[in-house]
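Trainee: Sequence:
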Amino acid sequence: MARDNVSWGEERIANELLLKLGIRISPHTGRKYMPKRPPHQPRVFIHNHAKAIVACDFLTVVTATFKIFYTFIVIELGTRKLLRMRISVTDHPTAAWTLQQLGPL
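Add 193 to the 1-based position in the sequence shown for the numbering used here, that's all there is to it.
Among the hints, erroneous ones may be present.
Restraint ranges, calculated between C-beta atoms of paired labels, are given here [stated by the list, open to error]: (1) Ser200 with Val255: 52 to 58 angstroms; (2) His285 with Glu204: 52 to 58 angstroms; (3) Pro228 with Ala248: 31 to 37 angstroms; (4) Phe238 with Leu292: 27 to 33 angstroms; (5) Ala243 with Glu209: 34 to 40 angstroms; (6) Thr291 with Arg196: 47 to 53 angstroms; (7) Arg277 with Trp201: 42 to 48 angstroms; (8) Arg205 with Pro286: 48 to 54 angstroms; (9) Arg277 with Asn198: 43 to 49 angstroms; (10) His233 with Ile266: 24 to 30 angstroms; (11) Ser219 with Ala289: 55 to 61 angstroms.
I should point out that these hints are in silico values taken from the structure, not numbers from a laboratory. Note that the Cβ used here is the ideal one computed from N, Cα and C, for glycine as well.
Based on the sequences and whatever the hints tell you, model everything.
Mentor: What follows is the structure, given as structure tokens:
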């Protein structure tokens, strides 16, 4: 029953057995006989939803005098298209500066 109806959980199988065959089992008993499904991997989720995921990051540049500057990028994972890359840099990124960099996408 579980193999033929992969979207059914243990509750549904227990209820179907009771309603159609008059066999009363606990959902836990039904779970023991259900095929084991591999857990979803994070990379599968990202692959399936890449078109809707946007990532952002700070890039750092170290100067010859060892001063660190930051710039901010936003990238769409599905197309790897840069949605926002500001040329402005700062040596001290604050929340206000970051919001200014986001602007309208």
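Trainee: All hints are to be evaluated individually against the structure, with a verdict given for each.
Mentor: Cross-check of the supplied hints:
1. Ser200 with Val255: 52 to 58 angstroms: holds (53 angstroms)
2. His285 with Glu204: 52 to 58 angstroms: The hinted range 52 to 58 angstroms holds for histidine 285 and glutamate 204, with Cβ atoms some 55 angstroms apart.
3. Pro228 with Ala248: 31 to 37 angstroms: Holds - the Cβ-Cβ distance for proline 228 and alanine 248, about 35 angstroms, lies within 31 to 37 angstroms.
4. Phe238 with Leu292: 27 to 33 angstroms: holds (28 angstroms)
5. Ala243 with Glu209: 34 to 40 angstroms: holds (37 angstroms)
6. Thr291 with Arg196: 47 to 53 angstroms: holds (51 angstroms)
7. Arg277 with Trp201: 42 to 48 angstroms: holds (45 angstroms)
8. Arg205 with Pro286: 48 to 54 angstroms: holds (51 angstroms)
9. Arg277 with Asn198: 43 to 49 angstroms: holds (46 angstroms)
10. His233 with Ile266: 24 to 30 angstroms: holds (28 angstroms)
11. Ser219 with Ala289: 55 to 61 angstroms: holds (57 angstroms)
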